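Chemist: Line by line, the protein sequences are chains P and F. First residue of the first sequence? That's 64 in my numbering, and the numbers climb one at a time after it. First residue of the second sequence? That's 411 in my numbering, and the numbers climb one at a time after it.
Don't read these hints as lab results, they were simulated from the structure. Predicted model only: the values in this text are computed from it and were never measured. Take these hints with a grain of salt, some might be off.
To give a feel for the contact side, a few chain F residues facing chain P, derived at Cβ under 7 angstroms [as the list claims (entries may be wrong)]:
no.: 1; residue: Glu539
no.: 2; residue: Gln655
no.: 3; residue: Lys672
Covered by chain F, per the in silico footprint, the following chain P stretches (three or more residues, Cβ under 8 angstroms) [unchecked claim]:
no.: 4; stretch: 179–191
no.: 5; stretch: 272–279
no.: 6; stretch: 319–329
Idealized CB from N, CA, C, for every residue including glycine.
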Amino acid sequence: MSKKMLYTVFAASLIVAMILTGCGASGTPSATAPAVVTEPATAPATEPVTIEYWTFGEFANTQAMKDAIAEFQAANPNITVDVVGKPDTEIQAGIIAGASSGQIPDVYNIALNVGAEMLKAGALKDISAEWNALPEDYRNQFAPGAVQALNQGGAVYGIPYTAYATVLYRNLTVLEEAGIDPSKGIKDWADWADQMSKVKAAGYTALPNYSVDGWLVFHFLGGVQGITNTIVDGKSSITVAQLTKAYQFLLDTKPFGTDVGPFDAAASDLFINDQMAFYEMGPWADTTFAAAAETNPNFKYDVVLMPGEIEGWSGGTHGGEFFGIAPGPNAEAALKLAVFLADKAQVAKISAEFGGRATYNDAAMADPSLSTYALLALTVEAASMGLPDAAYFQAFPLAVRQPLADNAAKARDGVLTPEAAAQAAIDAVNAEIAKASQ
Amino acid sequence: MKFLRKYSKNYLFLLPFFLLFGVFFLWPIVFGIGASFTKWNGVHTPSFIGIDNYAGLIQSPSFTKGMHNLFLYILIAIPLGVFIALIIALLVNQFKGFWHQFFRAAFFMPFVIPLFLAAAIWRWMLTPEFGIVNVIIKSLGGPDIKWLTNPTAMLFAVLIVDMWRAAGFNMVILLAGIKAIPSEYHEAAKVDGASTIQQIFYITLPLLEPVIFLVVVNAFISIIQMFDVPWLLSRADYNTQGGPQQGMLFPVMDMLGTAFGKQRYGEASTYAVVLLGLALLITVIQFAIRRLYAKR
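The following block holds chain F by itself, in its conformation from the complex (with noise of 0.2 angstroms):
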């Protein structure tokens, strides 16, 4: 009694936030677990199947093909992405002023343009043979890339895409980050006679740590779910999904064709739990990789 009549009014104030949390965020969560385990149209009433689901989707060519996309992208666009990222990032600092914001400002801007405008016009600048990219590169002596019919040319035009809209969005966060670093550190190794490079790989870096960690965190979990560019880079539908040798199939896309194509909501929330399983792991394992290299 003592305990509610101390805190009651606290809990009370707190009651919207956890009715709207549960409603909107914690009840679909379990819902959807439960709905996996069932066989479901979304029409007629679910019927409890166990694990079928799960046994089929391992099984599904789609969810094999969308998961070797998905761990292929992880392993190339994470270290590339950060890396340009950071490379911007570090480059937009040795501006001041008026040219800061602007190079600040300007690689941020692929962040904010429409991603379906974005999409169609990369699509053009993509296209075999006379699309300004292929222009280039043959002009440059390079081979004709069908970047949106070969499947593992799909998948780098995926990454160009996505690292073109992601690198400002990561490189003000690291440019935040960077700031942060006391100047005093700077100008005591200027004093000792260090160089920019030595700078940035004993001061910078080591003190960029935590927000290094903080971006690939963040990354893993948007190419887990990785919808936007590869759904509008090949004009996917809910019933296509991908396009040509389904190059550009990703797990949540192939999730939404068997929810609203197929209408198999038992099995999309199969996808949806699996993916939630699998981001929680990463999101665990890197956690704990990073609490063992702190304390060495």
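So that you can see chain P by itself, here it is in the shape it has in the complex (with noise of 0.2 angstroms):
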């Protein structure tokens, strides 16, 4: 045999090793065992321990995370908590791709929405025995709503921590402008589309585009009346007439509005220079508009429920995030970190820093040094209306909110009519979620 021959032989055996590696081990192969399978006896309660400790980097740096976490570690000289600070995105992708190999950190704070993902990926431990044996003071602090989103099938995969809720900023100038007397508030989105037309025939712009994105989308299907966010039967309860509505609302409301997207500069822009009159987002944007009307006394907003379609209901999304804990040596005292930072206590101290976050922590809010936020209480009776923002623990892909975009988009431009967008809408979410639970 030549050399070159011997050698490209040497080559291509190489080669198909290295395919036949990548195309995974043999015999049967465990598709729905979690990665992170094994349980390691516990380290006994006095020994030494670090935990990692993930959470999102506004929390890391607040001086009320840094205090708690020092207290916790006076109270707990065994414990040593490493506490590191990321964005959302990293926390979610950082344990699935440290799943596979058991590399994920003791404890973590997540949204609700992709805890469906952090089950899969095996690094959700099932804290059902210790979160009954929690007192019931201790378990009655949270929202209901969110207890029972993190219970599965008997199985609790975490506890609530921080949650947020979508409202209405309206720009009292502009309202005024257009003779609408902020006071009386809005009735539903009939009396919406009415002032915004007044908004309109007054020069002025009345909101941006909420078609640009599927979460915004769930701002006003969340709006439609008995409207919910389950699976049922591996298809979304959210019906074609349903979306229909919210479709039908952005098409008719279209004419008073801008194309700007809410997420662009210019919407928040033309709200703040008294362009335009009502901004539907998160309390986040609260920060931004409080720091314009200080440095501008002439800039006047204030902040309501998001209208539903008819009186009594709010619109509006909402969600949360939890503190999960991962199956291993480390649970326990992972665990019991996570049980402190809930604590009505340190939730206040945290909510305050932030101007009044909202939290699942009801007994946090409900505190009277968070009295004077004004924002918190308005987002945390948001919360209990409204759309949840994904089917939580379910096979609810966030890939979802993309078809819902798209059609979104293609009916406000007149491609679809508002029925056939929302069904191609509600066909491409049930393909989704088929997808995802194979």
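Put the two chains together into one complex; each comes in its own frame, and the hints tell you how they fit.
Modeler: Next up, the structure:
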């Protein structure tokens, strides 16, 4: 055999071997068993242990968090907490990437709407035994809806933490110029559309374009009476009729608004510069507007609940974050930290440092120290209505937001009727759910 | 043995490169090819499913949309991009000394600006109604173009930003090629009474052909890998890509969303293999056409 042939055969064998390795292990593959299967015996309570805690960057940097960790470590001298602050997308990606090799943090904060992915990755310990062993007073602190969301088929997958709900910011100057009395509020969608037409007639813009993103479509979908976000018989509980209403409202109000999406700086600029009447977003938008109001005393705005299609039904979307505990030898210490941080005292301090950040801890939210934050009370109220931003802990991939937005745009641009667009969107959503369930 | 005695030291010195090349370049490619035949969520053991991923990919609406955007973009961006870069290179070449350096740096500047910053500013400028681009267009009597929401306009928005960035880079390559042309040819042509335009068409362009070919091949490969501009411009994330009606969706974006948004690494690997095949095919065709053209 010539040298050239020898080298060719060797190289080809190497490549084939690599490909076969890439195809996976032989035998019957485990498609459902999580990568992190075994739970080694937990470390004895008194032995020194270092736990890794991943949380959102903005939380990790707060004085409240630093004080809380110091207090926890002082009370538990055998436990050292390594706090790592990351963007939420990096927390999810990092856990998914690390799950296959068992390299995941001991405790982490993550959004409820990716809980199913964490479960699939084997990164969530069932803490039902420990949760039920906690004092009833402790467990009753939390919003029942959040506790229910984390309770799946008898298992408990975490402890509720922070929450958000979208609200409606109103530029009072623009409303007054349009002849609208802000004190009368907004009864329902019909009333809101009427107010928008007056704003437009006065030469201003009513609101941004909410068809640019699926999460934004949720804000209006939340205004449809009786809407829920779960999965029933493998399909989304959101119906074509419900989505048609949301699309129709977006279409009906298109002439009064702008094509600028709310995520664009231009939208908040329009609002701050008294050119736009309404801006619907989460409480985080208030930071920008409050800062603008400080520098420009003529900029006046308030915040109200997002109107729904009928009076008494509020729209918007809401969601939140929780503490997830990873299976592993440090689970006991990790859970101890989570229980401490999720408690009313710590949560109230975090909330205050963020200027009234809503949380799932109802006891903390009712604390008198937080009563000065009007926006907090409103977002807590808003979180009890509207549409959850996902079917928590079910096969509800966030990729369903794409067809919701695509078809919202088609309905708004007149490419499809609202009903046809809604049908196409729901079909695509259910296809994604079906694929995620496999 | 004689071979080993003579060349073993040489191969020993090359070994680090081969190791690194194998681990960080070759291995991911062959692993990806293998993974494309599996159903794999990145956590559990991959399960072999044959060519199901390839069949599913072809039927996927987002794949179709991404490929449609890609091919449309290739048809417009490559001729336009090369033409603009060439014009700029020829113009800059007319200057000497300080102004030559100045314009060369000025046109190259967009390439060195951090893309996330550039995309944010471009997005602001392309804002419907209020962005400066639309303000200028409307002042000239044109319509308000929905750069960021109309699928057709969105592709042109990507084109504008990409051309703005890439023109300077391609200009530098072409300028180097122009500088490499012996000046005697131009002097001789001048003596014979050739105008500047004639010199460009009969001397510069023919002699610049290999460099233009390089720029075109590079542009093809870059466009197939198109990701950063449309990703940032459309404010994409792992769950949603391409903006309204996926007007800015390109295959690499869809691939990333499939992998990290939907945790379908097998399907994403399939995507990568398809794009690799496409890039290889286009490059081979280009070289074949060039060889044919050279023979004639």
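Chemist: Do the numbers back the hint for Glu539(F), that is, is its least Cβ distance to chain P under 7 angstroms?
Modeler: Hint on Glu539(F): holds, closest Cβ of chain P at ~6 angstroms, below 7 angstroms.
Chemist: Using a Cβ cutoff of 8 angstroms, are there at least 3 residues of the stretch 272–279 of chain P near chain F, or does the coverage claim fail?
Modeler: Since 5 is at least three, the answer is holds.
Chemist: Should the interface hint for Lys672(F) be scored as holding, given a Cβ-Cβ cut-off of 7 angstroms against chain P?
Modeler: 6 angstroms, holds
Chemist: When I compare C-beta atoms, does the stretch 319–329 of chain P have three or more residues closer than 8 angstroms to chain F?
Modeler: Held - the stretch 319–329 of chain P has 8 residues with a Cβ nearer than 8 angstroms to chain F, which meets the minimum of three.
Chemist: Under a C-beta cut-off of less than 8 angstroms, do 3 or more residues of the stretch 179–191 of chain P approach chain F closely enough to confirm the stated coverage?
Modeler: With 4 residues close enough to chain F, the hint holds.
Chemist: Given Gln655(F) as an interface hint, is the shortest Cβ-Cβ distance to chain P below 7 angstroms?
Modeler: Hint holds; Gln655(F) Cβ to chain P Cβ min 5 angstroms, cut 7 angstroms.
Going down the numbered hints, you'll see the structure goes against none, and every one checks out.
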